[in-house]
Amino acid sequence: MNPRLTLLTASRVLQQIRADHRTVALLLIVPCVLMGLLAWVFQDTPVFDQVGPALLGVFPFVVMFIVTSIATLRERTSGTLERLLAGPLGKADLMFGYAIAFGLVAIIQALVATAFAIYVCDLDVAGPVWVLVVIAVLDAVLGTALGLLASAFAHTEFQAVQFMPAFILPQFLLCGLLVARDRLPDVLSTISDFLPLSYAVDAMSAVASQVEPLGDVGPDLGIIAAWVVAALVLGALTLRRRTD
Amino acid sequence: MMNTAAIVIDDLLVRRGGVVVIPGLRVCVPAGQVVGLLGPSGSGKSTLMRAVVGVQKIAGGTVTVLGQVAGSPALRSRVGYVTQSPSVYADLTVRANVAYFAGLVGQGSDAVDKALAEVDLSAVADRKVERLSGGQRSRVSLAAALAGDPELLVLDEPTVGLDPVLRRDLWNLFHRLAGAGRSLLVSSHVMDEATRCDRLLLMRDGSLLSDSTPDELLARTGALDAEAAFLHLIDTAADTAKEVV
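So the sequences go chain by chain: A and B.
Going by numbering that gives the first Met the number 0, 198 is the number at position 199 of the first sequence; the sequence numbering is gapless.
Going by numbering that gives the first Met the number 0, 176 is the number at position 177 of the second sequence; the sequence numbering is gapless.
For the record, the hints were derived by calculation from the structure and aren't laboratory data.
Everything hinted at is true.
With a straight-line cut-off of 35 Å between C-alpha atoms, the simulated DSBU-like cross-links for lysine-lysine are:
(1) B:Lys113 - A:Lys90
(2) B:Lys113 - B:Lys127
(3) B:Lys56 - A:Lys90
(4) B:Lys56 - B:Lys241
(5) A:Lys90 - B:Lys127
(6) B:Lys56 - B:Lys127
Simulated restraints on C-beta separations:
(7) B:Asp112 - A:Val128: 45 to 51 Å
(8) B:Pro163 - A:Val29: 49 to 55 Å
(9) A:Phe157 - B:Ala4: 42 to 48 Å
(10) B:Arg15 - A:Val23: 36 to 42 Å
(11) B:Pro163 - A:Pro164: 51 to 57 Å
(12) B:Asp10 - A:Ile28: 56 to 62 Å
(13) B:Asp109 - A:Val232: 35 to 41 Å
(14) A:Val23 - B:Lys56: 37 to 43 Å
(15) A:His154 - B:Cys27: 34 to 40 Å
(16) B:Gly16 - A:Phe157: 19 to 25 Å
Even for Gly, the Cβ is constructed at its ideal location relative to N, Cα and C.
Turn these sequences into a full structure, and let the hints guide you.
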């Protein structure tokens with residue numbers, strides 16, 4: 000890996016995102032609209048305070064997954080991927096370049112969505128807000144990393160879009176938002192122990208309910224970070240310099 | 000450098016999807032020249048070029064580029080590759096594209112400006128690629144390779160769809176680069192570009208029909224232009240095949 004080439008690639012991806020004003024607007028506004036809708040649906044009940052923080056982690060995860068898998072698929076179909084791999088750019092440089100770029104976008108997205116949830120929707124969080132933001136950013140980077148990996152298995156845009164329900168919805172069903180993970184059937188509970196989104200939701204729930212959540216959040220973040228690195232490394236391994 | 004070969008290919012065998020597309024090809028491309036790779040669409044030109052830049056899986060033989068195995072890490076910043084369809088980012092400006100690809104091989108903004116001027120795109124440098132015409136897009140792709148100042152340029156149909164003046168300018172540029180010691184392998188399916196090359200490779204069905212200078216080719220076949228020479232070679236090859244049967 001070459002840090003200069005990684006950062007050069009991250010800056011190129013950021014230029015692409017920045018040039019697309021509508022995408023930037025969607026990235027920042029959609030999570031706020033959804034949080035607002037959720038707060039409205041559950042007004043005068045404690046539900047919003049319970050699931051709101053978890054969803055602050057789930058939104059960036061889903062959005063970044065989709066955006067990244069499409070972006071890398073475009074890189075493949077436009078021929079730029081082949082051009083890059085014929086040059087000095089390393090596979091890991093490309094993967095981590097994307098992860099850094101979308102991670103930075105995720106920081107802004109998480110700040111905006113969290114601020115909106117707390118100051119506009121009156122989301123009540125027991126723990127420190129900065130922990131909430133850190134978890135949301137890591138969730139977004141997780142979405143990016145899994146999106147990069149998933150795009151390796153997609154040959155068309157149609158397939159890439161289908162990977163969203165295939166990769167994400169099962170995790171969403173099992174992550175503890177609908178039914179607490181310890182009340183799931185044993186097999187499903189065990190499966191949920193291996194899925195990264197479970198730890199994202201666990202961490203968010205800890206911040207929502209505990210004044211000092213770091214003891215619970217730390218290990219969760221560790222597991223998510225391990226998933227991020229594993230997905231990026233696997234994603235890099237699926238890239239082939241030589242193709243048929 | 001001038002006397003060595005830029006590319007040496009020995010017994011190259013390429014299969015794609017189980018079908019042999021290059022059945023054992025040998026060729027030596029001299030350094031410091033503009034070498035044309037001509038042949039109809041589907042003759043294996045692009046596959047051969049992909050093998051030279053090291054992105055094509057090969058089933059046998061060797062491809063040596065600038066003295067090293069094609070695709071080896073040391074070659075990646077010394078070889079420039081421009082694919083047939085422009086491989087640049089449509090959502091970035093012309094300059095941002097060229098600057099990114101130049102930056103990857105350690106070149107700065109001077110090289111970017113120079114490359115943009117060489118392909119006559121300075122005037123639209125700040126325009127997004129998606130707003131450009133097809134010919135302009137392929138020149139962005141070319142500029143992205145030129146800015147890296149590679150020792151070997153592998154250009155897959157770089158002049159398709161360009162107006163005659165621009166085409167002439169680009170061929171002049173290729174010869175200037177060759178004069179400065181760079182090596183170029185340029186493919187085309189337009190036979191009238193043959194006379195612009197220092198050396199010509201004629202390709203059909205994955206094999207080389209001819210490897211000579213344009214003058215030698217015309218003298219040997221008695222044809223008036225490259226198109227006629229090409230037809231003559233195909234007919235001769237077909238006659239030989241009949242006699243063997």
